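**Student:** Residue-level listing of the chains:
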Amino acid sequence: GNSVTQMEGPVTLSEEAFLTINCTYTATGYPSLFWYVQYPGEGLQLLLKATKADDKGSNKGFEATYRKETTSFHLEKGSVQVSDSAVYFCALDSNSGYALNFGKGTSLLVTP
Amino acid sequence: NAGVTQTPKFQVLKTGQSMTLQCAQDMNHEYMSWYRQDPGMGLRLIHYSVGAGITDQGEVPNGYNVSRSTTEDFPLRLLSAAPSQTSVYFCASSVSSATSETQYFGPGTRLLVL
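Respectively, the protein sequence lines represent chains C and S. Under this note's numbering, residue 977 is the last one in the first sequence; the count climbs by one each step, no gaps. Under this note's numbering, residue 419 is the last one in the second sequence; the count climbs by one each step, no gaps.
It should be emphasised that the hints constitute simulated quantities derived from the structure, not laboratory data. Since the model is a prediction, treat every value here as computed from it, not as a measurement. For every residue, glycine included, the Cβ atom is placed at its ideal position computed from N, Cα and C. Hints are supplied without guarantee of correctness; some may be wrong.
[Claimed, not checked] Straight-line distance between alpha carbons at most 30 Å, and here's what the computed DSSO-like set of lysine-lysine pairs gives: (1) 314(S) with 933(C); (2) 942(C) with 917(C); (3) 319(S) with 942(C).
[To be verified] Some chain C residues judged to face chain S by a derived CB distance under 7 Å, without partners named: (4) 905; (5) 908; (6) 968.
Start from the sequences, fold in the hints, and give me the full structure.
**Tutor:** Here is the structure:
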């Protein structure tokens, strides 16, 4: 079946540091891949997505590239801010539209 | 648009009590889903619906019932609450499409079962 594995946190970085959160997946066919972000006390918001191999999703300075050869979708940001402190979830959808498979989430804390 | 709304925000139940978690969306989305979020587990799919009158089970459906009488509403019922159902519950909706579309999430309901 489908599954998503992402690096465990918590991750603590200083402001302006480089961020990488690793995400790998197992799926049949050609799933779509997503990164969602959850700020404290809130629901999940879509951060970025990619629907086919070699696509790059980007938003708010975050990027992730759909790598089919390594079954990965790593999240990166060149310079994190305190306001980026949140929990980040990698997820995939095998084109159902209603059933996301989530990773366990990675908590990020950015300190001034 | 209000997007996806959920009520209540927080609820405490005793074991054996029943309750309904409400979810509504005003985006005319065909697809709606319920997830539960537990520490260290990510989100897991409980039930989903692909349109009014059509529901099906997800990964962890036991102890929960759903119905979808209108496009807008998708309530989740706990018939006899158990401590194992202590969790944060999220409702989500998306458009129907031949490809994967973004799911929009509500703010969540935090449930504590004593």
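**Student:** Decide, hint by hint, whether the structure agrees.
**Tutor:** Against the structure, the hints:
1. 314(S) with 933(C): With Cα atoms ~39 Å apart, residue 314(S) and residue 933(C) exceed 30 Å; violated.
2. 942(C) with 917(C): The hint holds at about 21 Å.
3. 319(S) with 942(C): violated, 45 Å
4. 905: Hint on residue 905(C): violated, closest Cβ of chain S at ~12 Å, above 7 Å.
5. 908: holds, 4 Å
6. 968: holds, 6 Å
Hint compliance for this structure: hints 1, 3, 4 are broken, all remaining hints hold.
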